[in-house]
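So the sequences go chain by chain: A and B. Here the first sequence is numbered in the working numbering, starting from 78 and rising by one per residue. Here the second sequence is numbered in the working numbering, starting from 42 and rising by one per residue.
It should be emphasised that the hints constitute simulated quantities derived from the structure, not laboratory data. Note that the structure is predicted; figures quoted are calculated from it, not measured. Any given hint could turn out to be false.
Said to hold, decoys possible - Now the in silico label distances, taken between C-beta atoms and shown as ranges: (1) B:385 with A:208: 32 to 40 Å; (2) A:381 with B:280: 44 to 52 Å; (3) B:215 with A:349: 32 to 40 Å; (4) A:381 with B:142: 24 to 32 Å; (5) A:357 with B:441: 37 to 45 Å; (6) B:385 with A:444: 49 to 57 Å; (7) B:277 with A:219: 40 to 48 Å.
As the list claims (entries may be wrong) - To give a feel for the contact side, a few chain A residues facing chain B, derived at Cβ under 7 Å: (8) 184; (9) 200; (10) 455.
No residue lacks a Cβ here, since even glycine has one placed at the ideal position from N, Cα and C.
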Amino acid sequence: MKNVLSKITDIVSDPYAFVGSVREQTGKKVIGCFPMHVPEELVHAAGMLPVVIWRSNEAVTWGHAHVPAYDCGITRSFVDDAVRGKLPFMDGMVFHVRQCLQAGEFPYIMERNVKPAYQKNLYLPALYPGEAIKDFTITELDVFKTSLEEFSGNKITDEKLKESFEIYNLNRSLLERVYEIRREKPEILKAKEMMQIVWSSMLMPKEDHNKILTELISKMEAKEVIPDKTRIRVIPVGGLCQTIQPDILDLIEDLGMIIPDDDLYVGSRYFANKVSLDGDPIDALAKRYLTKSPLCPTKGVWDIHWGDEAIKKMNDNNARGIISIMIKYCPPHACYYPDFKSKMDKEGINEIMIQVEHEIISLESVKTRLQTFVEILGGV
Amino acid sequence: MGIKYKVNRLETTNEIRPLVDKHWEELRTAKDRGEKVAWASGPTFIFAYAMGMKCHFMAGYSAYCGGIGAGEEVLKVAEMTGDLPESCSYHRLHMGMAEAVARDIPINPQAILPMPDLMVAGRLCPEMSHYAEGLNRRFGIRVLPVDLPSVYNIEDAPRIREFVYRQFKETVIPTVEDVCGKPFDYDRMSEILSVLKKVATLRNQCWEYFKEKPSRWTLWDYGVSIAPVFYMMGNPAGITYYEKLLKELQDRKKNNIPAIAPDGEKYRLYWDGWLPWAFLGKFMRKFTPHGAVCICGRYPWEFFPNPELIDPENPVESWADLYYGNGQLIHHFSPRGTVDLIGNLIEDYSIDGLLMFSSKTCRIMNLSQPDIIDTLDKKYGVPGVIVEGDMIDPAMISDSQIETRLEALYEMIDSRRK
Ligand code: SF4
Ligand code: SF4
Numbered sequence: 078m079k080n081v082l083s084k085i086t087d088i089v090s091d092p093y094a095f096v097g098s099v100r101e102q103t104g105k106k107v108i109g110c111f112p113m114h115v116p117e118e119l120v121h122a123a124g125m126l127p128v129v130i131w132r133s134n135e136a137v138t139w140g141h142a143h144v145p146a147y148d149c150g151i152t153r154s155f156v157d158d159a160v161r162g163k164l165p166f167m168d169g170m171v172f173h174v175r176q177c178l179q180a181g182e183f184p185y186i187m188e189r190n191v192k193p194a195y196q197k198n199l200y201l202p203a204l205y206p207g208e209a210i211k212d213f214t215i216t217e218l219d220v221f222k223t224s225l226e227e228f229s230g231n232k233i234t235d236e237k238l239k240e241s242f243e244i245y246n247l248n249r250s251l252l253e254r255v256y257e258i259r260r261e262k263p264e265i266l267k268a269k270e271m272m273q274i275v276w277s278s279m280l281m282p283k284e285d286h287n288k289i290l291t292e293l294i295s296k297m298e299a300k301e302v303i304p305d306k307t308r309i310r311v312i313p314v315g316g317l318c319q320t321i322q323p324d325i326l327d328l329i330e331d332l333g334m335i336i337p338d339d340d341l342y343v344g345s346r347y348f349a350n351k352v353s354l355d356g357d358p359i360d361a362l363a364k365r366y367l368t369k370s371p372l373c374p375t376k377g378v379w380d381i382h383w384g385d386e387a388i389k390k391m392n393d394n395n396a397r398g399i400i401s402i403m404i405k406y407c408p409p410h411a412c413y414y415p416d417f418k419s420k421m422d423k424e425g426i427n428e429i430m431i432q433v434e435h436e437i438i439s440l441e442s443v444k445t446r447l448q449t450f451v452e453i454l455g456g457v
Numbered sequence: 042m043g044i045k046y047k048v049n050r051l052e053t054t055n056e057i058r059p060l061v062d063k064h065w066e067e068l069r070t071a072k073d074r075g076e077k078v079a080w081a082s083g084p085t086f087i088f089a090y091a092m093g094m095k096c097h098f099m100a101g102y103s104a105y106c107g108g109i110g111a112g113e114e115v116l117k118v119a120e121m122t123g124d125l126p127e128s129c130s131y132h133r134l135h136m137g138m139a140e141a142v143a144r145d146i147p148i149n150p151q152a153i154l155p156m157p158d159l160m161v162a163g164r165l166c167p168e169m170s171h172y173a174e175g176l177n178r179r180f181g182i183r184v185l186p187v188d189l190p191s192v193y194n195i196e197d198a199p200r201i202r203e204f205v206y207r208q209f210k211e212t213v214i215p216t217v218e219d220v221c222g223k224p225f226d227y228d229r230m231s232e233i234l235s236v237l238k239k240v241a242t243l244r245n246q247c248w249e250y251f252k253e254k255p256s257r258w259t260l261w262d263y264g265v266s267i268a269p270v271f272y273m274m275g276n277p278a279g280i281t282y283y284e285k286l287l288k289e290l291q292d293r294k295k296n297n298i299p300a301i302a303p304d305g306e307k308y309r310l311y312w313d314g315w316l317p318w319a320f321l322g323k324f325m326r327k328f329t330p331h332g333a334v335c336i337c338g339r340y341p342w343e344f345f346p347n348p349e350l351i352d353p354e355n356p357v358e359s360w361a362d363l364y365y366g367n368g369q370l371i372h373h374f375s376p377r378g379t380v381d382l383i384g385n386l387i388e389d390y391s392i393d394g395l396l397m398f399s400s401k402t403c404r405i406m407n408l409s410q411p412d413i414i415d416t417l418d419k420k421y422g423v424p425g426v427i428v429e430g431d432m433i434d435p436a437m438i439s440d441s442q443i444e445t446r447l448e449a450l451y452e453m454i455d456s457r458r459k
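Okay, chain B solo, but in the shape it has when bound (with noise of 0.2 Å):
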């Protein structure tokens, strides 16, 4: 029939599992080498590492959680010990896993982390509240809460900015102080963002290989790349990591390798919500045989696409002016901030068609995604569909509605072509 598509894979995706696995190990055996241990929600791990403190970002972890095919064991633990299936599912995997831990139940040794000194609970999500209210209820953790309202106008952003600013310095920083019984290491903080713009920077240079066309790399390999913008921030690793991708996406280029063999993709997709962690194969083994490639989106696009924006000399003002000031970062939550940034995607990434993750348990990137569909078809002429699912949790997903969304957007986007 038509053309056999394949993935060619990236040799440098390879060296990024020791180095997440590093990250883990580290956290898991931190309390053994007497250091502190932090969770955190939102943004706000950063102040944790700035203090030396071993921390995980709960989404970093249902990532990784995900990724190391955990995830169903320890939602059903969390389901065993009272949480609701219809609750976020990054919500039931730190509540099953705590209660793994504390019941004894046996669950993947990898997926144990150390309960925490301090729960950084940044609210940006109003359900993130709720991780912290369960551990500090159920496990008596000290929790250090900090509000992080998302922003609809932008014009509501300069106020808030100043709240968010004022907690940062007010609530958080001396809590941290208090709990690792020094004063706040802003010279630590100052590195970690240096390192974090080096980073972002290469990454970004990385980015420009997806609006090739044919795209030099797929969404996926980006997504599993991400720990060194994210949770392994500050890493030095995460430079030379970058770096030796960014080599060989150039020698693609050179040597006219596309993403998609035999000769690139056929549709170029944009991927909105969070990246279904535990799915990505699933999903990849949707796209592909139909030479569909997913090459940039939202949630992945959230860790600091303007890096020029970090400023190291001032870290704390510069942490709340990448999400409310000139980053703007928190605006991409709200759906008139979507339609701007998919907009801008759509033209700089050539994308033929949306495909919206809507998941079943979270609806933070969810929200009013028809009628964004809806307004960027009319602006841009780009067809979107829905797909319902959830980022680990495989009860809520369906095959066969993936696949009949799936052929109705290629259909859509053929048609449009004649």
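So here's chain A without its partners, still in its complex pose (with noise of 0.2 Å):
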């Protein structure tokens, strides 16, 4: 177990070099696909290396000439990342704009600074009631298809297409046992160590991903753990689009807490739902972005609830609380946390809210906010 984690945590310690690798290795062409909806699998079907774009770890410095301080980290880590040319290996960038207000600044800053020699910008829509949602998304979708086929020089069938959504599926699933290794013994990994094998889905080639998390899988069932009683299940929620500071996730554990799964961008949410094979994949595709569960509130969703969703991921856990975890200047959730807070104090559940920046906040403030929630738990 030790040597895939550690071939783990050597990627994503860095992801430049690591994609810059495979680009190089492969011949393929990079694309970078912004958080949190951009589909993939297209990309991958066109005979492209799709990869999620990251937080850095660094300090922002020249992205600030062209963001300002008060758009979350994602979006002020990337643009810095960009302008500072760190990005070299990115053949392309996809954009969905719609996702966000903030999605919306990089269109223009990367066509004038950085010229990707491939950039798209999708308009998803909201997962509105009515038939011209779904078709609007199928449209989009076939638009992304086009050019991407232009881009690439590579055809997209459908058999090619429905080749991707297997290796993708069988991703989601991989990650899942991984998930459900965790719930029955969540002592066997930490919490940074479980974003970190989500985090390195996002930047490798899925087929070796697949390999990776087959034999990670096989040392997991094989391990024995000592369950610890007298820690605390808690459930971390939110997350948008990017890393949390392993600090943090840290910080939870060395409290008395520990996590039996998540509802967490870089956790969850990003492998769940697979694409259905059945059918025209295209249409399968949008079946998959129309998918309100596990909600996201860049979705437009409001017939079902998020905290509703929460709980009942606390409750499946045997968990005790809810740690939501908001990034710093993300509207999405800025928005929808008060609605999200009320359902928990009407439903009597213990939730605490820590705000994280991409620069590192005082974990001191953190860690007083955590030590009085897990005293409420009923921990140390």
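Two chains, two frames, a set of hints: combine them into the complex.
Here it is in structure tokens:
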């Protein structure tokens, strides 16, 4: 297990070098897909390598000449990386500009300062009722498909697309299995290791990641762990688009809590929902996007409640509390949060919100809040 | 020292307040008369108007609330009831007002609106969904959602226009019919557009007086005169208002009266972004002593700059076309469209400098502002600065930052004049 995990740690500790080297070795074009809704399968089926754009671990410098300090971490960090020339291996970039206002920062900044060989904006709709929404999603995906064909020079046939679905679905199943094992024996992985496993899926060719996961799963299945009954189970929720600082995840665990499952983007949200292999593949991709659960506040959904989903996850895992992880300056989450919170209050759920910023915030204040929380939950 | 500048106030603008107050009064009392009430975001209110519903438009209410000085207290209620200070201030205003009513928290009575029978939620900005979702989750308000994507590349506009038009026909119209219990009133929508066409045509004639040197009026005068092309849409009183305004501007020209006394402005500025509704006076006091005046801007230019494209005969098609067809209003929300628009305004209105207002809680018009400034500076030799703030929330406004940035702008303009 150690070997696999250390391979993963190597990849995520320098994603720039890793993705650059894969590009060199495979000769494939790399397409950066801004999180969270770009259908990577289409890029894969065009014979290119989709990678999910990430937040760096460096402070933003030049980027602040392009975006304000009150944009969220990944927005600022990605712009910073791009204008500092740290992403020369990205042949293309795709932005779903309708997920939040900040996603609209990228198109002009990139075409003016970075000039990737391929740049595409998607306008995936909110999940509102009506046939027009469904049809428009399909139109958008068709337009995206055509533009990828033009750029790659490869035709995306239905067969190729379904092959990609199979590879991606397998990755989803394997990640689900990793989560399942962690649910059974949460002590088996640290929260930051779990995040790194998912993050590595966003960076690696899925075929390679599937191999790594298969190996990891057999090791995890074989490994015995001594359950630590004193630890309090909690579920982190939120963390849209970006990785959470590992220090914060460590802190949660150091304070006597344990995370058996999560509702984080670089977590269970990334691999939720498979693409159906039946019928027209573009319809199937549209259907996956139009799936409301896990609820994402960027998709304009209100007939299910995020709070209900989180509470279910908490109960399913015998957890005692929810930790909302809010990315500072993430309007979709910030606007939803009051309703989430009031649901927690109404249902008598113990919940705490911690706001995380790209720049490392004072861990002391987070620690104090989490300490109080753990006391409320009945811990030390 | 230098010249003592002051603003020559227009007479006609004194007449707007009673019109605006009447609009809001009618909305507040609509339920007493048994009328249906809608709230709207994005350019969807026209469908409620066409059905005779009393309706407010999120940005219009925010402007009004800021204008009557009620913004801060309503925002406080929002914060008290769980909203985060970093959320969009228009969102907070609406949630705060609704919570104040629900929990019986006293606020300025003029800021209170009746809860709607329907929320017509145009999702022009993705965050606009959240008003509607919140109203539905917290107060059970029926929501009519419409996705209205902003368009980054103009070549994407035709397919998005079709999408939007289909939503108008397939979702919006049947829903308002259901709520009001009667067929959609296409004739009334046509009438509204006919009045709008007249008002916007007159308003464009008024805009010509911004082109003069010295300018005959200020963007702030236009800001307070915006209701007739905006939420008072379809009200013939708007025609009378703009006829008077035009006449006053004509007289000013005849008598050589500038907007800024004694002899006109020193700096002609473009204003980008929302108008800072709660702080119009504050900004004015920072411009005028320097002889600076704002004379055009993206947001106030959003309200139908091409009235010739309004086609009252085909109201629903025309509404989609104004935004996504020939009118291309939606494109002005994207940086590429912004660059084109501002470029034209710089030339038409002889702009010396760009003041880019960046709202800390609403990014819709902040997108890529530094790059936009740089592009325009390189192309037209016109400098620009960013001023950070908020349309409503005083906690987000820093006097010293505004002053420093404005001074930098004046200096840049001066140095280029040498
Ligand atoms: S974290 Fe939030 S604000 Fe940032 S890009 Fe994602 S959805 Fe948008
Ligand atoms: S973020 Fe801006 S555009 Fe969006 S709802 Fe708020 S004020 Fe309106």
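Which numbered hints fail: Result: hints 5, 10 break, sorted rising.
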